[in-house]
Amino acid sequence: MVDPQVDLGVKIGSLMLKNPVMPASGCFAHEYAQAMDLGRLGALVTKSVTPKRRIGNPVPRVAETDAGMLNSIGIPSSGLLYYVDKILPHYVGVPAPLVASVSADTAEEFAAACEALSVPGVSAIEANISCPNIEADGRAFAMSPKDTHRAISEIKRHARVPIWAKLTPNVADIAEIARAAEDAGADALVVANTLLGMAIDPETRKPKLGNVMGGLSGPAIRPVIVRMVFQCARAVRIPVIGCGGILSAGHAVEHLLAGATAVQVGTASFLDPAAMLGIIDGLAAYCERHGVARIAELTGSVRIDPGLTDRWLRLAQQSG
Amino acid sequence: MVDPQVDLGVKIGSLMLKNPVMPASGCFAHEYAQAMDLGRLGALVTKSVTPKRRIGNPVPRVAETDAGMLNSIGIPSSGLLYYVDKILPHYVGVPAPLVASVSADTAEEFAAACEALSVPGVSAIEANISCPNIEADGRAFAMSPKDTHRAISEIKRHARVPIWAKLTPNVADIAEIARAAEDAGADALVVANTLLGMAIDPETRKPKLGNVMGGLSGPAIRPVIVRMVFQCARAVRIPVIGCGGILSAGHAVEHLLAGATAVQVGTASFLDPAAMLGIIDGLAAYCERHGVARIAELTGSVRIDPGLTDRWLRLAQQSG
Amino acid sequence: MKVATLACRVVEHQWVSARYKYLRLSCPAPLARHTAAGQFFQLACPVSEAQAPFLRRPMSVYGIGPEEDRIEFLYHVKGIGTRALERLRAGDALTVTGPLGTGFAFSPDWKRVLLVARGVGLATMAPLVPLAARAGVAITAVLSARAPGELMTQEFLRGAPASVHAVFDSDGSSAVERVEPLLRNLLDAERPDRVYTCGSNRLLALLQKLGAHGEVALEQQMACAMGVCLSCVRLFNEEGEKVFRRVCCEGPVFPLGAVAGEVQFG
Amino acid sequence: MKVATLACRVVEHQWVSARYKYLRLSCPAPLARHTAAGQFFQLACPVSEAQAPFLRRPMSVYGIGPEEDRIEFLYHVKGIGTRALERLRAGDALTVTGPLGTGFAFSPDWKRVLLVARGVGLATMAPLVPLAARAGVAITAVLSARAPGELMTQEFLRGAPASVHAVFDSDGSSAVERVEPLLRNLLDAERPDRVYTCGSNRLLALLQKLGAHGEVALEQQMACAMGVCLSCVRLFNEEGEKVFRRVCCEGPVFPLGAVAGEVQFG
Ligand SMILES: Cc1cc2nc3c(=O)[nH]c(=O)nc-3n(C[C@H](O)[C@H](O)[C@H](O)COP(=O)(O)OP(=O)(O)OC[C@H]3O[C@@H](n4cnc5c(N)ncnc54)[C@H](O)[C@@H]3O)c2cc1C
Ligand SMILES: Cc1cc2nc3c(=O)[nH]c(=O)nc-3n(C[C@H](O)[C@H](O)[C@H](O)COP(=O)(O)OP(=O)(O)OC[C@H]3O[C@@H](n4cnc5c(N)ncnc54)[C@H](O)[C@@H]3O)c2cc1C
Ligand SMILES: Cc1cc2nc3c(=O)[nH]c(=O)nc-3n(C[C@H](O)[C@H](O)[C@H](O)COP(=O)(O)O)c2cc1C
Ligand SMILES: Cc1cc2nc3c(=O)[nH]c(=O)nc-3n(C[C@H](O)[C@H](O)[C@H](O)COP(=O)(O)O)c2cc1C
Ligand code: FES
Ligand code: FES
Chain Z
1 MVDPQVDLGV KIGSLMLKNP VMPASGCFAH EYAQAMDLGR LGALVTKSVT PKRRIGNPVP
61 RVAETDAGML NSIGIPSSGL LYYVDKILPH YVGVPAPLVA SVSADTAEEF AAACEALSVP
121 GVSAIEANIS CPNIEADGRA FAMSPKDTHR AISEIKRHAR VPIWAKLTPN VADIAEIARA
181 AEDAGADALV VANTLLGMAI DPETRKPKLG NVMGGLSGPA IRPVIVRMVF QCARAVRIPV
241 IGCGGILSAG HAVEHLLAGA TAVQVGTASF LDPAAMLGII DGLAAYCERH GVARIAELTG
301 SVRIDPGLTD RWLRLAQQSG
Chain F
1 MVDPQVDLGV KIGSLMLKNP VMPASGCFAH EYAQAMDLGR LGALVTKSVT PKRRIGNPVP
61 RVAETDAGML NSIGIPSSGL LYYVDKILPH YVGVPAPLVA SVSADTAEEF AAACEALSVP
121 GVSAIEANIS CPNIEADGRA FAMSPKDTHR AISEIKRHAR VPIWAKLTPN VADIAEIARA
181 AEDAGADALV VANTLLGMAI DPETRKPKLG NVMGGLSGPA IRPVIVRMVF QCARAVRIPV
241 IGCGGILSAG HAVEHLLAGA TAVQVGTASF LDPAAMLGII DGLAAYCERH GVARIAELTG
301 SVRIDPGLTD RWLRLAQQSG
Chain S
1 MKVATLACRV VEHQWVSARY KYLRLSCPAP LARHTAAGQF FQLACPVSEA QAPFLRRPMS
61 VYGIGPEEDR IEFLYHVKGI GTRALERLRA GDALTVTGPL GTGFAFSPDW KRVLLVARGV
121 GLATMAPLVP LAARAGVAIT AVLSARAPGE LMTQEFLRGA PASVHAVFDS DGSSAVERVE
181 PLLRNLLDAE RPDRVYTCGS NRLLALLQKL GAHGEVALEQ QMACAMGVCL SCVRLFNEEG
241 EKVFRRVCCE GPVFPLGAVA GEVQFG
Chain X
1 MKVATLACRV VEHQWVSARY KYLRLSCPAP LARHTAAGQF FQLACPVSEA QAPFLRRPMS
61 VYGIGPEEDR IEFLYHVKGI GTRALERLRA GDALTVTGPL GTGFAFSPDW KRVLLVARGV
121 GLATMAPLVP LAARAGVAIT AVLSARAPGE LMTQEFLRGA PASVHAVFDS DGSSAVERVE
181 PLLRNLLDAE RPDRVYTCGS NRLLALLQKL GAHGEVALEQ QMACAMGVCL SCVRLFNEEG
241 EKVFRRVCCE GPVFPLGAVA GEVQFG
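Chains as they are written, first to last, in our numbering: chain Z, 1 to 320; chain F, 1 to 320; chain S, 1 to 266; chain X, 1 to 266.
Just so you know, these hints were derived from the structure itself, not from any lab.
Each hint should be verified, as a subset may be incorrect.
What the hints assert, rightly or not - Calculated cross-link-like contacts (lysine to aspartate or glutamate; reagent style EDC-like; alpha-carbon spacing at most 16 Å): (1) Lys209/S to Asp169/S; (2) Lys78/S to Glu203/Z; (3) Lys2/X to Asp37/F; (4) Lys2/X to Glu31/F; (5) Lys156/F to Glu203/F; (6) Lys52/Z to Asp137/Z; (7) Lys78/X to Glu176/F; (8) Lys86/F to Glu31/F; (9) Lys206/Z to Asp305/F; (10) Lys146/F to Glu176/F; (11) Lys2/X to Asp272/F.
Stated by the list, open to error - Quick list of simulated restraints, FRET-style, between CB atoms: (12) Ala7/S to Arg158/X: 34 to 42 Å; (13) Gly240/S to Arg237/Z: 28 to 36 Å; (14) Lys2/S to Pro89/Z: 14 to 22 Å; (15) Pro306/Z to Ala18/X: 33 to 41 Å; (16) Gly65/S to Glu297/F: 51 to 59 Å; (17) Pro108/X to Arg160/F: 39 to 47 Å.
Ideal Cβ placement from N, Cα and C applies to all residues, glycine included.
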């Protein structure tokens, strides 16, 4: 189990987590209490809820790919009232802060939903601004710095708990979006949601997802997301929570070194529902092995040799 | 070998290819003649050349990832003259059209390079507009519709062979870039280059690439690229050449069904230098097995059930 | 914890027909005690150069015990994952997660049950056979297959007494028009306390049409298999309304009558 | 084709020390005829749930023949790929691509060669031993290792006669200050026609300092291993200029004197 010598605690703004490992939204629910002690997690993050009831996308909703999977669940939701009445009570007494993920169609609906979710039992809200903005032709809020800024500002005006902005990786310049979210008052960033992908069965010629396109997650995307964590962490002062492709403690360390303060684990839990506990134990073991007293020291401590490219280019002068 | 019954030929604008399989730039050179008959390929695509001599990036230049690899070779190049004098002659007599890939720092340099490469022995030029545009702060040309349009227009004014525009997947809306390239006169699109990524060794804390960030290729990226091929093919009338994550004939079929007219194979050749021949044979076998007389029929023929989402939503009305 | 991920060992692994394979595992936990008929496990099919199944594969328990660390599967070698699974040799390791899902309802007080299975559906229903046999509940089985060689009656009954009706595609006896009177007669004549079915949408629809009272085990594409990801939904009629239910945790066993017609969406 | 991808079979596979393993393959082609000392193969290390090496692993041929379908490797179990490789059992399949690269220059007319090896470097130089032995060229070997248990003199010479000088980290005899006079004496006294080295940058630098005439086998991260991807470059002095050369095809064997000092870039 966790070595008491190593301090695994991290701070996400005003929120203290006993360790940096939490689930990714949509990849966790109270049913996992059947497979692990939820109280050992750094935080709990629930599936995105929408203000209104939604049915979700046609099946098949998942398909496997090389070192990853596609999903197009489509955020089925029973609405906010159901969430507060029926979902939240499952977590009463679990000694880990609960983060409610929210999706909405407009900045105003986002704000109203976050206001409604600023209730006891909710320690922070994760605004899934990777979802379509119907005022921008269905383009995700987080695909535009302007829409990001508007949504987060509106939310911050109404919410009474810290707001984490969950970005989409389907952008050209994630640092620009990160700065817009920070400027609008986001308390932390979650980097990132899934990469938009598609797979076709060559035998049937049919798309593997009922919804044709869906989000790619799992180890396949980790290099892309680690790069974005690195870029965002250098662009903002608020904490970055890394999310993408983490199966093991080593993968979590990679995110931390790139600049993440904490990490979210999604797809890995589908392969083993208790995967997060293994990652927490593995992080403690890693810190011990490497003489790291506080895991927070790892954040952003990738060892980049700043002179390398210069030395290399100097060689170019000498070489014919 | 290839079944004579199946017509594997495809047309990329005015260029006829005897089959739709060609190498991806940077993943092929004449040295592969030691491992296969180059004449069996649909076309030959050479490593990007730059107008001037370049040394390339520091080592390590490659690192493996889950179902893929990162590279930051950095386009070392001996310049155009060397290319025409020393590289082109290797392919004289190989019965497959040669496509020269070019990178340059500005639209003007691109145009001049493409003019200089419009020589006998070069059947088409692939403009690698995924490379940094120094007039736009190093942002790749293909990250902006405007820069794409300017570079391709400039190139088209000077080149005397067909121009393929190779797009970058590191964008929010690839269809927009595809349309800009088509409007500017591109004869075909290559979709796409590598996804920008990064990997860190948790043990040494060092980036796995000397250059810190690099391009992700291999099966890990196929779902993202297939989605982009699908989006581009629906956005333009010029042929789309799919490039990303193809290891097998089945993967090539996936690209064709999504909308590609031909495919490029990169990373797969590093695992087996004769991989492309296996893919060609596999495509012939696939066509035979599925009663496809002409492989060109496969292009864009993914079977999408247009009524599915509607039927699904109708259910939503009925359900509580 | 009710659900665990366990590194098991292959004890036996052999072909039972051209396309079906039998697998017996030894697990580092007394799984047999906690596993019920109709429940399933997620199997981590081995990864190889040729095939790299990423998601786990859901498989019903085909047999439970008698040793408390033993569970058995019977599966159809079909795609990437099962082709990889098939290669395991005795002594090899296999990681499984479970037991998962809600199994069949069964009461030892019943007199007779009717089992209607097709293809690999019999693997899912097989654990009902020893339950019934041990309780002295009579078994009638209607087994449907492509041809006599694929019926696997032995594998289904494993020595238990039952009245078996075999129907085949090869001689036309499995056609709906011919199975309908057979089932109608059995329901009328034997008045089974419960009907169970698995493996065929046509048989399910037929049993619904005949108003049979019982349960069906369903399948759906899964990721988490624990009710978390919402990928495995199917449509049901409940109190006059259409509702989605998660096959992995609200099922895979559902009341026969509740399954909505349009099961083959997508 | 000079270079082929071949599905081989493991004929023998065993530990020769705590960290090194010996592997003998049977190949579906008469590889022994076309493979020269200093050349290498790309090995497709097996993929498993625990580890999924994506790129191929370059490994020098440690032995060639005597049967024309046999090649041998001797490797250090180190990271993801070699840990996966290590698990192969006799009879298992292993895909390799090769032979690759430019090997050592050798002439049967020489009188004596000096081989300076450390660690797994001896695997790369081992095929020179039978070449020299068969041609009657005398062999002097300086073998460096962490401790006597890791020296692998038997594995290196495989019965051939040689004058062996062993040095160790454990007793300080491998320190540069102590190896320098040893090498200087050998070069002066024996006047070898050629010096070969592999496995240690310190030994390479020392031999360069001593003005030894000969060859070194280098390593570098690789992807294609055929000169195509430009990933495997290292820096060389050639005619007063610094130039990059591809280790995979212009090497892995290079003239001793040409290797530029700053070899550990990045
Ligand atoms: C609760 C449950 C119990 C099952 N019990 C058995 C059993 O006892 N014996 C048996 O032979 N089969 C059983 N199946 C079906 C079995 O899961 C599939 O045949 C298997 O997943 C196919 O995997 P593959 O890799 O060979 O095929 P592929 O086609 O390569 O699989 C690709 C993906 O589709 C999924 N998939 C394919 N077919 C099915 C299916 N019918 N249901 C759900 N997912 C599917 C796979 O899990 C995988 O994620 C069961 C399915 C469920 C849901
Ligand atoms: C031409 C050549 C011949 C070689 N011959 C031998 C030999 O005979 N015996 C032996 O034990 N080793 C040899 N090596 C080194 C061997 O290739 C590495 O030890 C091996 O690739 C490590 O793989 P891994 O998966 O265990 O380590 P990991 O650290 O997991 O490897 C990660 C990546 O780095 C690469 N890599 C790691 N170390 C090296 C290295 N030293 N050189 C090149 N790439 C590396 C791997 O190939 C892989 O792509 C040789 C290397 C080269 C270039
Ligand atoms: C089945 C599934 C459902 C998801 N649902 C949501 C969701 O409702 N809201 C959200 O913000 N992200 C959702 N995600 C994205 C994950 O939270 C996470 O960002 C992504 O999967 C990358 O992490 P991973 O590689 O660890 O899975 C979902 C992902 C999966 C696989
Ligand atoms: C080592 C390496 C070098 C590359 N060099 C170039 C290049 O010079 N020009 C270019 O346009 N693309 C280059 N690429 C990108 C490939 O052409 C291709 O777009 C990418 O690898 C995706 O295809 P794949 O998944 O089949 O490898 C390179 C890729 C790799 C792996
Ligand atoms: S498989 Fe995840 S909810 Fe059923
Ligand atoms: S490894 Fe590709 S050029 Fe050497």
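Structure-based check of all given hints:
Between the alpha carbons of Lys209/S and Asp169/S the distance comes to roughly 21 Å, so the proposed pair goes past 16 Å and is violated. Note on Lys78/S and Glu203/Z: the hinted pairing holds, with a Cα-Cα distance of about 13 Å set against a maximum of 16 Å. Straight-line distance between C-alpha atoms of Lys2/X and Asp37/F comes to about 11 Å, which keeps the hinted pair within the 16 Å bound. Between the alpha carbons of Lys2/X and Glu31/F the distance comes to roughly 11 Å, so the proposed pair stays at or under 16 Å and holds.
For the hint pairing Lys156/F with Glu203/F, the CA-to-CA distance comes to about 49 Å; that exceeds 16 Å, so the pair is violated. Taking the CA atoms of Lys52/Z and Asp137/Z, the gap is about 19 Å. The hint is violated against a cut of 16 Å. Between Lys78/X and Glu176/F the CA atoms are separated by roughly 47 Å; this puts the pair beyond 16 Å, and the hint is violated. The hinted pair formed by Lys86/F and Glu31/F meets the criterion: a straight-line CA distance of about 13 Å does not exceed 16 Å.
Our distance criterion of 16 Å between C-alpha atoms is met by Lys206/Z and Asp305/F, whose separation comes to about 8 Å. Simply put, Lys146/F and Glu176/F have alpha-carbon atoms about 10 Å apart, close enough for the 16 Å limit, and the pair holds. Distance hint between Lys2/X and Asp272/F is fulfilled; the C-alpha atoms sit about 14 Å from each other, no more than 16 Å. Between Ala7/S and Arg158/X the Cβ separation comes to about 41 Å, which falls inside the hinted range of 34 to 42 Å.
A hinted range of 28 to 36 Å is violated for the C-beta pair Gly240/S and Arg237/Z, which are about 56 Å apart. Range check, Lys2/S to Pro89/Z: Cβ separation about 20 Å, and the 14 to 22 Å hint holds. Between Pro306/Z and Ala18/X, the C-beta spacing of about 39 Å keeps the proposed range 33 to 41 Å intact. A beta carbon spacing of about 55 Å between Gly65/S and Glu297/F agrees with the range 51 to 59 Å that was offered as a hint.
At about 56 Å, the CB distance of Pro108/X to Arg160/F disagrees with the hint of 39 to 47 Å.
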